[in-house]
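Residue numbers (the numbering used here), protein chains in the order written: chain P, 519 to 735; chain S, 1444 to 1629.
Worth double-checking, as some hints may not be accurate.
With a cut-off of at most 25 Å between alpha-carbon atoms, the simulated DSS-like pairs for lysine-lysine come out as follows [what the hints assert, rightly or not]:
| hint | chain 1 | residue 1 | chain 2 | residue 2 |
| --- | --- | --- | --- | --- |
| 1 | P | K701 | P | K575 |
| 2 | P | K552 | P | K575 |
| 3 | P | K701 | S | K1567 |
| 4 | P | K707 | S | K1604 |
| 5 | P | K678 | S | K1574 |
| 6 | P | K643 | P | K689 |
| 7 | S | K1574 | P | K689 |
| 8 | P | K729 | S | K1574 |
Hints listed in this document are in silico derivations from the structure and should not be mistaken for laboratory results.
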Amino acid sequence: MARPKIPRKSTNIDMTAMCDVAFLLLSFFILTTKFKPAEAIAVVTPSSVAAKVAPDKDFVLVTLDKNGKVFLSMDDEQKKEYIANTLNTTKNLGIDVNAFKKAAFIGAPFSQLKSFLQIPEESRKGDVLPGIPTDTTKGANEMIEWMRLVNEAYQGTKMKNLLLKGDNLAKYPAFKSIVDAFKKNDFLKFQMITSPESVPLGSELWKNNQKGEKRDD
Amino acid sequence: MAELDTSSGGGHKKGPGVKKSKKLSTRVDLTPMVDLGFLLITFFIFTTTMSQPTAMRLILPKDTEKPEDQNKAKESGAFTILLGKDNKVFYYEGILTTENASTNFKSANFSSGEEGIRNAILKKKANTIEKNLVIVIKPGNDCTYKNVVDILDEMSVNVIKRYALVDISDIEGQLVKKSEAQTIAQ
């Protein structure tokens, strides 16, 4: 009986297709990846179920680090110029308006603002700077004054995004003095920056989401 | 495919004097290249941050000096949460008096289990008419920013419509301190 001939197949697989897929994915990830810029102020934000993405333009951001130091930053240079000029005329601080405009954040009491702006940008680090004083037990809450200036600068045009970015370990009194400064200037709406977290299974919000109800947060 | 046609001509025979050059295969082993590709892919997958920071909205009540302008909450629907040191949470229903402090004042934590504050909020929510329910959050001076955000988050997880962030009173602060000391002693 003649055995049927089984043709021997090569075990070599053509890798070209696989290689194509691999590099396609690779280029996708390279293009979509965004490296985080090294931040001058180290803040680890708490997480929340909020689904709204934090705005990244037209904002006034108050940062609260883990030692309770407060920093202020805003992205509108015109408003910053106005604030610097006002500070120079009302408080006679003699600060460099251009340096103030360029500064990524402000983190010094009014009395030290001039020397703060003379520090080169790259060596302004949150852990060595004094921050804006808010502790009322040690002196005035300068945040109130800052928020008043911001309010003045935005007069007429509506300020869209007042953001607060706080560290997990920051104590409540520091948060409270910031909120007080907001309240004193009639900023009653603000947003807290958090990292996203999934909605716990079986909770009421989860059930609502399953039903397709819109959230109002 | 990554193959080039190296066969010369349309298959016509060469003359007898022409030496046949040895044909080399143009196939390249792509396996190491694929390996490298996937290695880089995994690197970028791990380093990429897909999630952008989110923003949680908070609307503050306007400070009013006059008591008649302040919002009144029904006692039956009031639920007060106090935040203490080291992630401790205390809560009570209605009004806290010296008589009912021992039974009404309870402690909880941030877990989602039986002891968690979520459970207590849900219980209260189930037992109260929705429009009467007001949750008052009073963070103590020793609690952290994370605790405040967590408890506000708890409000949105449990779909609580009315809640307020209020300062802690001295008496409550002392009670929290006392209870903290007790829980440590136990």
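Checked hints:
no.: 1; hint: K701(P) <-> K575(P); in the structure: holds, 23 Å
no.: 2; hint: K552(P) <-> K575(P); in the structure: holds, 17 Å
no.: 3; hint: K701(P) <-> K1567(S); in the structure: violated, 30 Å
no.: 4; hint: K707(P) <-> K1604(S); in the structure: holds, 16 Å
no.: 5; hint: K678(P) <-> K1574(S); in the structure: violated, 31 Å
no.: 6; hint: K643(P) <-> K689(P); in the structure: holds, 21 Å
no.: 7; hint: K1574(S) <-> K689(P); in the structure: violated, 33 Å
no.: 8; hint: K729(P) <-> K1574(S); in the structure: holds, 22 Å
In summary, the numbered hints that this structure violates are 3, 5, 7.
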